[in-house]
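Residue numbers (UniProt numbering), protein chains in the order written: chain A, 1 to 340; chain B, 1 to 340.
Possibly wrong hints are sitting among the right ones.
Copies of the same chain are indistinguishable here, so a pair counts whether it falls within one copy or spans any two.
Straight-line Cα separation of at most 25 Å, DMTMM-like style, residue types lysine to aspartate or glutamate; simulated pairs [to be verified]:
| no. | residue 1 | residue 2 |
| --- | --- | --- |
| 1 | K63 | D311 |
| 2 | K125 | E113 |
| 3 | K202 | E245 |
| 4 | K63 | E169 |
| 5 | K207 | E286 |
No lab work stands behind these hints: they were computed from the structure.
This is what each chain is made of:
Protein chains: 2
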Amino acid sequence: MSPQPPLSVGHKILTGDRATGQLHLGHYVGSLQQRVALQAHNDQTILVADMQGLTDNGNTPAKVAGNILNVVADYLAAGIDPSQTTICLQSGLPALAELTMFYSNLVTIARLERNPTVKNEIQGKGFGRSIPAGFLTYPISQAADITAFQATLIPVGDDQLPMLEQTNEIVRKINSLAGKPILTECQPMLSNMPRLPSVDGKAKMSKSLGNAITLDASDADIAKAVKAMYTDPNHLTVDAPGQVEGNVVFTYLDAFYPDPAFVESLKAHYRRGGLGDGKTKAILTECLQAMIAPMREKRQALIADKQYLIDVLKAGTEKAREESSQTLTQVKQAFGLNIF
Amino acid sequence: MSPQPPLSVGHKILTGDRATGQLHLGHYVGSLQQRVALQAHNDQTILVADMQGLTDNGNTPAKVAGNILNVVADYLAAGIDPSQTTICLQSGLPALAELTMFYSNLVTIARLERNPTVKNEIQGKGFGRSIPAGFLTYPISQAADITAFQATLIPVGDDQLPMLEQTNEIVRKINSLAGKPILTECQPMLSNMPRLPSVDGKAKMSKSLGNAITLDASDADIAKAVKAMYTDPNHLTVDAPGQVEGNVVFTYLDAFYPDPAFVESLKAHYRRGGLGDGKTKAILTECLQAMIAPMREKRQALIADKQYLIDVLKAGTEKAREESSQTLTQVKQAFGLNIF
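Just chain A, with the same shape it has in the complex:
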């Protein structure tokens, strides 16, 4: 198990996931574990981002709608406690759309097109000139999400820093219009955890690419995925020295094996020769199976009780609606539109 960053306390934290697929070990190690650790000592809101999921799935909305409860089940299975963390649905919060409309008047198209994260994503998705308007403008919508909850701390990868810059620009403009600080600037909480590679060591991990281990993977799924894992292509016999860097099995052992000293001893053995991939993969398989089994069982029970998942999401959404409406009222006041 990798060392965790020192825990933040007393913050208003906003995180979330696009509801476009089941969560997997990449999410677990990259964010879910952190959220579980943070929830007791912070005011944490998790947004199931269905609206953001639609920004590049406008014509395939079932991909989003069909994954909302999957994501909620993943949260609960991973240890998110709805009595400590507010889990809410983006499309259930009208204030987010309204704030987006207000903020859209304060951000230029040129500014959006300069956003390096969006630029990369537009390239990556091959939109060309056919970018949906909602996709180009989603940093404005993210600013609405963050400010609606007056979030002070946002766990992000460093590729998301431009989003927070954009948010804080909007915060300053609104506060200047209001003549007083009604919105709070946010700070990034950067993870010290490198992105977990996919099983094949190549593309981004994703269930649809078949290179991810989901939180409900069976023992057989796990064994199969680890068996297919990319190691050191030059490590041709057990006796030969092997390379640990870029060897996905060791990256996963670093991320998940509970005893780091043991992993270090395995690495040394592998480097000097005499340790086969079969053996390292067996150790990893067993470790992942032991870790995932209780999540899988919890998740299966949750998915069998859809109404419970809906109730959890509904309760969280109602709480979030209250909070986000308060922010909207203040922003409307800043624009002078508190007529009723």
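Based on these hints, arrange chain B on the given structure of chain A.
Relative to the frame of chain A, chain B by itself:
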């Protein structure tokens, strides 16, 4: 008084005005009279478009906020009857923002940039590359306005036809996603009335340019405006033949004088010579003073009773909230997001 187009009946009509200034005679002849005529036999909703007003006034919101009740007073003074017409405030209708978010995923930036109306306006406003996102995307927001009320007939100038095309494109996409016709395509109701020129015959009429006669203009304001009116610059003596075309005094007489035959006789006289501008202007002044006096008085009484204006707008907004929420529910269903 110019002939009115044959009256439409039984339609759901949506119209509105950006809340960025008092209304003036251009609005009166271009739309207010028509709305008064339509209200008895159609289901008419008028949107006070404060959110759209912000799309190019994001940094000067007081210009919008300060004109909302002015516009409501103008409506009532001009004869809009709140028991027949729903007068509502755009920012008071969350469903419009939510529909805009949904539709934004179905319209590309390239499509928005091709919109000739928006193209012209961007040029006219000198935005260059600094177009606010909300301005480029306002055709999507207009589609939200129109579809939220399932409007079938939209009174527009022909410069607004591209907006209705965009709206109907969105309608077809949503209906295709839903697998059934949940939204209604709209049709333009083109006015046969040419745009009323400004007093100086040059720029667009606008109170801030000082070339418009507002609905609360005093007799002195009217006399002064008509005195400054552009006529025929080559009509140097009373005896000389004058030109009627492009002569703003005659355009206004055509638009407002109750007896068209008398205006025709004036035109003939002016053309053959012997009719001075002093005389035609006196006739127009008297005509406009007689027409505006009752509106001005009604408007002054209304503006003195702000709470009444707020009550009218609030009641209309509540009714409109009901209607627009129903449409939102159906659109959310089309996207599969009716989880609660």
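Going through the hints against the structure:
1. K63 - D311: within (22 Å within a copy, 44 Å between copies)
2. K125 - E113: both (15 Å within a copy, 21 Å between copies)
3. K202 - E245: within (14 Å within a copy, 74 Å between copies)
4. K63 - E169: Between. Shortest inter-copy distance 23 Å satisfies the 25 Å Cα cut-off; intra-copy 33 Å does not.
5. K207 - E286: Cα proximity of K207 and E286: one copy only (21 Å, versus 77 Å across).
Hint compliance for this structure: no hint is broken.
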